[in-house]
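> Residue numbers (UniProt numbering), protein chains in the order written: chain A, 1 to 340; chain B, 1 to 340; chain C, 1 to 340; chain D, 1 to 340.
Hints were generated in silico from the structure; no laboratory data involved.
You may find that some hints are simply not true.
Since the list gives no way to pick one copy over another, a pair counts as held whenever it fits inside one copy or between any two copies.
[Unchecked claim] Here are the simulated lysine to aspartate or glutamate pairs, DMTMM-like style, with alpha carbons at most 20 Å apart:
| id | residue 1 | residue 2 |
| --- | --- | --- |
| 1 | K116 | E318 |
| 2 | K308 | D132 |
| 3 | K204 | E56 |
| 4 | K24 | E170 |
| 5 | K204 | D311 |
| 6 | K205 | D311 |
| 7 | K205 | E56 |
| 8 | K24 | D340 |
| 9 | K24 | D208 |
| 10 | K325 | D101 |
These numbers come from a predicted model, not from an experiment.
There are 4 protein chains.
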Amino acid sequence: MRIGILTGGGDCPGLNAVIRGIVKSAPENVEIIGLMHGWKGLVVGESMKLTDNDVEGIHILGGTILGTSRTNPFKSEDMRIKMEENIKKLGLDVIIGIGGDDTLTVAARLSSMGYKAIGVPKTIDNDVANTDYTFGYQTAVNVGADAIDRLHSTAKSHGRIIIVELMGREAGWVTLEAGMAAGAHLILIPEYPMTIDEILTYVKKRMDRFGYMIIAVAEGFKPTELENVVGDESKIDAFGHIKLGGIAHYMANIISERTGYDTRSVVLGHLLRGGTPTAFDRILGTRYGVHAMELVMKGDFGRMVALKGNDIISIPLEYGIATKKLVPFEYYKLSQIFFD
Amino acid sequence: MRIGILTGGGDCPGLNAVIRGIVKSAPENVEIIGLMHGWKGLVVGESMKLTDNDVEGIHILGGTILGTSRTNPFKSEDMRIKMEENIKKLGLDVIIGIGGDDTLTVAARLSSMGYKAIGVPKTIDNDVANTDYTFGYQTAVNVGADAIDRLHSTAKSHGRIIIVELMGREAGWVTLEAGMAAGAHLILIPEYPMTIDEILTYVKKRMDRFGYMIIAVAEGFKPTELENVVGDESKIDAFGHIKLGGIAHYMANIISERTGYDTRSVVLGHLLRGGTPTAFDRILGTRYGVHAMELVMKGDFGRMVALKGNDIISIPLEYGIATKKLVPFEYYKLSQIFFD
Amino acid sequence: MRIGILTGGGDCPGLNAVIRGIVKSAPENVEIIGLMHGWKGLVVGESMKLTDNDVEGIHILGGTILGTSRTNPFKSEDMRIKMEENIKKLGLDVIIGIGGDDTLTVAARLSSMGYKAIGVPKTIDNDVANTDYTFGYQTAVNVGADAIDRLHSTAKSHGRIIIVELMGREAGWVTLEAGMAAGAHLILIPEYPMTIDEILTYVKKRMDRFGYMIIAVAEGFKPTELENVVGDESKIDAFGHIKLGGIAHYMANIISERTGYDTRSVVLGHLLRGGTPTAFDRILGTRYGVHAMELVMKGDFGRMVALKGNDIISIPLEYGIATKKLVPFEYYKLSQIFFD
Amino acid sequence: MRIGILTGGGDCPGLNAVIRGIVKSAPENVEIIGLMHGWKGLVVGESMKLTDNDVEGIHILGGTILGTSRTNPFKSEDMRIKMEENIKKLGLDVIIGIGGDDTLTVAARLSSMGYKAIGVPKTIDNDVANTDYTFGYQTAVNVGADAIDRLHSTAKSHGRIIIVELMGREAGWVTLEAGMAAGAHLILIPEYPMTIDEILTYVKKRMDRFGYMIIAVAEGFKPTELENVVGDESKIDAFGHIKLGGIAHYMANIISERTGYDTRSVVLGHLLRGGTPTAFDRILGTRYGVHAMELVMKGDFGRMVALKGNDIISIPLEYGIATKKLVPFEYYKLSQIFFD
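Could you put together the complete structure from these sequences and hints?
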């Protein structure tokens with residue numbers, strides 16, 4: 001049997017652990033073919049055979065040894081045809097797609113066309129429905145918390161407000177949990193908009209009492225006043241979001257203008273994605289990989305692996321991509337206890 | 001209302017997050033009294049009032065600001081009486097005990113005597129039943145994995161076998177997951193004894209192929225041959241376990257003798273307990289603390305908080321202490337895929 | 001004897017180690033008075049007595065327990081008078097100023113007015129002349145190198161160019177050494193401008209061969225073409241520098257436009273200043289503090305402590321502030337060996 | 001020209017940076033031959049050609065890609081002959097030996113026999129004379145300080161004395177500086193023996209005042225009483241030193257017996273050697289490598305590279321191995337200020 005595996009979308013700590021998990025748990029008569037740069041590798045026919053030696057120790061490395069891209073092979077008829085030709089040419093019996101929404105949607109579509117496909121969910125944002133966690137998320141939260149820990153001393157020494165921007169376009173998980181872990185004094189996430197005035201109320205209360213403040217803000221947060229602002233090219237991107245670094249700078253400016261306090265902004269951006277995964281993410285990636293191979297051996301296709309409590313389970317591919325898992329109000333409310 | 005809180009047993013990263021969670025989520029009319037050094041504080045009447053200012057930023061610190069001890073107030077009639085007197089004297093309406101088996105057993109007994117008690121489970125070993133994780137565990141696994149990562153380069157450069165000993169008297173969780181995360185080539189845990197000959201088979205296979213090896217061993221592991229050895233004072237402690245550092249040195253010696261390979265042993269011991277908790281453990285501790293306070297406000301006593309998937313729930317105090325959660329065979333088998 | 005100590009300018013890991021070093025090495029009959037928020041504390045008369053207990057364990061913390069500011073007491077006659085009144089009022093026999101150029105210039109001026117003053121140099125940029133290193137610098141380099149390490153995996157997985165901006169207005173030390181340590185493929189510092197075309201030559205060579213690239217750029221670097229550009233308010237600050245984040249975004253845009261490669265920018269900014277100092281910086285700060293106190297006891301005033309090889313020495317205050325220590329060409333040339 | 005390079009003795013973070021520095025700075029017409037496992041590679045003729053691609057990114061890895069051993073080719077006439085034959089067979093014009101005393105002594109002897117040899121000093125103990133620092137040392141101090149930081153919380157929470165053992169047979173540098181950086185309350189190094197009674201005086205003073213204590217002890221420290229104890233096979237090794245782990249356990253036992261305090265011992269051992277080097281050590285290793293190649297190109301043989309202040313210089317090979325650099329009394333006295 002020949003199994004093609006690929007990683008698509010943004011890179012994420014733990015991808016290599018999944019790859020190693022698949023390769024190491026493959027029975028002897030199963031060949032694993034790594035498809036390079038996501039679905040692109042299948043379209044252009046770029047691949048490499050993966051053996052035990054190729055994956056020795058890779059679970060400790062960030063990124064993905066297979067490379068990644070955002071190529072969608074269903075974008076053009078031409079690409080779809082090439083993909084199907086290459087599946088045949090490479091003799092692939094099964095395809096395991098490791099990736100986010102886009103990657104899994106392609107896998108689901110292939111599955112509905114009769115191909116044997118398995119999905120492994122990947123999102124550093126932790127917003128895949130029907131799984132407790134995805135790998136990479138805990139690493140991002142740790143890196144973010146670490147960075148915020150580090151900013152406390154500067155904010156305190158200078159009596160400043162530091163606004164730190166983390167990832168999260170629609171789901172605020174990374175920002176919320178990194179902020180909670182590192183004791184941010186206000187956390188702003190896309191799910192729960194606030195008006196500038198509400199924000200300033202928190203700012204004044206904190207500054208009066210303690211004289212310094214850390215605000216964690218997700219890139220996708222917009223103050224209520226700006227919710228319907230669309231179109232300022234220089235600040236708003238094609239999705240109607242304030243651009244990377246935009247919201248932190250925006251908040252720093254408006255708070256400084258309105259209160260006179262000394263503010264600074266820091267944008268963590270890509271720092272959260274990279275580097276060696278935490279133990280949790282290495283193990284979760286490994287278990288996902290091993291479980292994906294088990295599904296293959298049981299002939300249980302069209303499914304996605306997922307974490308429920310301490311167990312790895314599988315669910316229909318469609319379920320994972322159906323809805324985004326946003327931060328529930330209850331959980332956000334809990335974080336508010338520590339806004340001060 | 002006055003609530004007494006205490007931390008008992010071995011220290012664990014995340015204890016301070018629990019304390020902060022309780023204090024910060026307490027309504028204004030609720031006073032929190034910190035009892036010093038576990039149950040001992042209640043026996044000798046040593047306590048301090050805890051306010052918001054006392055817990056500012058402490059969730060980032062290892063250890064416990066309340067101190068800890070292994071004192072069991074039911075050990076003597078005299079101590080029990082003093083404890084009950086102090087509960088009255090301090091005017092405590094509720095007691096929240098944060099600790100392991102021993103601490104929770106005392107809380108359960110107090111509860112059965114009619115006192116209002118809540119338990120928060122604490123074990124770095126992750127062996128409390130009916131909760132997915134306890135705080136401190138992920139930190140220990142990360143510190144352990146980090147240490148093993150670091151040993152790889154020495155083992156490889158010198159062509160050596162390094163045997164690294166981690167915590168785990170009866171449950172091998174820390175050793176198993178740190179070993180899996182860091183790519184140990186053989187993992188030995190109490191739940192699944194192996195004979196020396198089986199171990200040597202792994203050693204020879206690995207050394208022939210790669211020329212170096214990392215073995216992770218739990219302090220409570222005993223080779224099958226030694227299972228019934230009891231009584232050698234110098235090596236076996238009162239519980240019939242090989243002493244701290246004992247099994248690593250034992251394995252290093254016997255492997256070296258029987259194979260001629262160059263071996264070294266490293267005992268991580270207390271390094272795994274200390275220091276700043278990971279984001280996961282800070283958040284879990286925080287959520288436990290907040291939930292314990294919610295139970296108090298709902299009047300839901302005699303219960304222990306627990307994690308199920310992404311939710312904090314509560315279960316009867318007795319359930320948590322009823323049985324140890326050991327590593328299931330399925331999970332151990334998964335780790336074996338990577339023994340090579 | 002009463003000694004006033006203060007920390008001025010930007011915060012820096014190791015400041016607390018200096019404070020602890022001074023306090024712990026003070027003889028019993030010497031009182032240490034901490035002046036709050038740099039010279040401002042002396043102008044407004046805000047101070048606190050510092051005892052052994054106040055400095056217990058603080059050398060591990062980032063920032064400064066005394067707070068800091070950029071107040072210059074010689075800016076107005078009024079402030080100067082108040083400062084001199086407060087020196088008298090507080091009964092200060094000696095003043096130890098811990099800070100950069102500005103702070104030390106004030107100390108030197110006080111010294112020339114007849115006050116007993118000692119300086120301890122502080123700059124995260126490592127650009128103080130006549131000292132091998134200043135504390136905080138190694139920490140910043142480590143944090144920077146760590147961040148760049150982490151960006152490698154993302155750049156590689158996506159086949160991208162990541163431009164990472166580090167501190168350094170006039171001196172490129174932090175950028176150069178963090179870049180060298182983390183294997184950046186091109187390093188751009190203020191001391192050695194390059195034309196855009198030269199930069200693009202490096203970019204093309206690297207991308208052709210390896211398909212991804214990390215460029216480390218100091219905030220104060222300007223491509224040769226922009227050297228005389230002054231005045232674009234939105235991008236150039238009062239000193240004629242491209243604003244924070246400016247040069248990284250600028251480079252990302254121009255490289256992307258001119259080569260078509262996928263680029264991203266990351267600005268480390270304040271992340272480099274904060275957090276717990278490395279062992280080297282804790283020790284250097286400690287030794288500086290102890291040596292400053294020795295100078296006081298020997299009556300050797302008007303001097304600044306400095307590091308020469310493994311020894312702490314002292315030099316006249318004026319020498320330290322006389323000239324900036326820039327990256328010498330020889331050293332920059334060495335880094336070029338690894339540009340590929 | 002063909003240059004043979006090798007790494008000998010204990011592994012050390014930064015070795016790979018030296019190797020990369022040599023390979024990357026070699027002119028095009030110079031071939032670099034890596035000799036495997038120290039001098040052993042030259043005796044048995046095991047080698048590999050090293051190109052730019054082989055050293056890409058290795059400066060970040062601990063250990064040595066060339067492997068290491070303690071083989072001394074002058075131990076037998078037979079080995080010496082084989083070594084000389086292999087030098088001829090491999091066509092080596094120059095040999096660069098990277099290692100400690102033993103490795104450099106061989107290089108010096110080869111040099112005196114007329115071979116062109118260069119030495120790069122390596123010792124994690126920092127005890128090479130005539131160089132300010134050697135690579136690997138700062139990494140070991142950081143890892144040690146980090147570990148001790150982590151032990152503080154446990155010691156404090158339990159009211160315990162923790163004795164932590166670090167490297168240092170004859171020179172106490174690692175122990176002294178890690179202990180100073182992490183705020184150990186007593187530091188014991190081989191250069192300055194103390195009697196048990198003196199130690200107990202420190203213990204009692206500290207415990208009375210603070211109730212917990214961290215003692216850092218070098219493996220080579222012996223209480224004055226034991227200085228002339230030789231021969232107890234189980235505890236004293238061939239060099240008359242207490243065995244690894246011996247002194248920490250010994251101190252823990254004797255302090256517990258004599259004072260009744262709860263004590264624990266932790267042995268850091270090999271943890272200090274491994275893992276990714278700090279930025280300082282990566283750069284120092286790189287500069288050593290580049291400078292060694294410069295010496296080759298200048299024809300300046302029989303020399304060892306060294307660090308003086310911020311400069312890399314070279315000295316005759318014999319000077320480096322002539323004497324050990326021990327901790328001077330002045331420096332030890334400074335550390336005593338913080339014993340409390």
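> So, for every hint listed, does it hold in this structure?
These are the hints, each one checked on the structure:
no.	hint	verdict
1	K116 <-> E318	within (14 Å within a copy, 48 Å between copies)
2	K308 <-> D132	both (6 Å within a copy, 10 Å between copies)
3	K204 <-> E56	between (54 Å within a copy, 18 Å between copies)
4	K24 <-> E170	neither (36 Å within a copy, 29 Å between copies)
5	K204 <-> D311	neither (45 Å within a copy, 33 Å between copies)
6	K205 <-> D311	neither (44 Å within a copy, 31 Å between copies)
7	K205 <-> E56	between (53 Å within a copy, 16 Å between copies)
8	K24 <-> D340	between (49 Å within a copy, 10 Å between copies)
9	K24 <-> D208	between (58 Å within a copy, 19 Å between copies)
10	K325 <-> D101	within (12 Å within a copy, 36 Å between copies)
Against the hints set out earlier in the document, violations occur for numbers 4, 5, 6.
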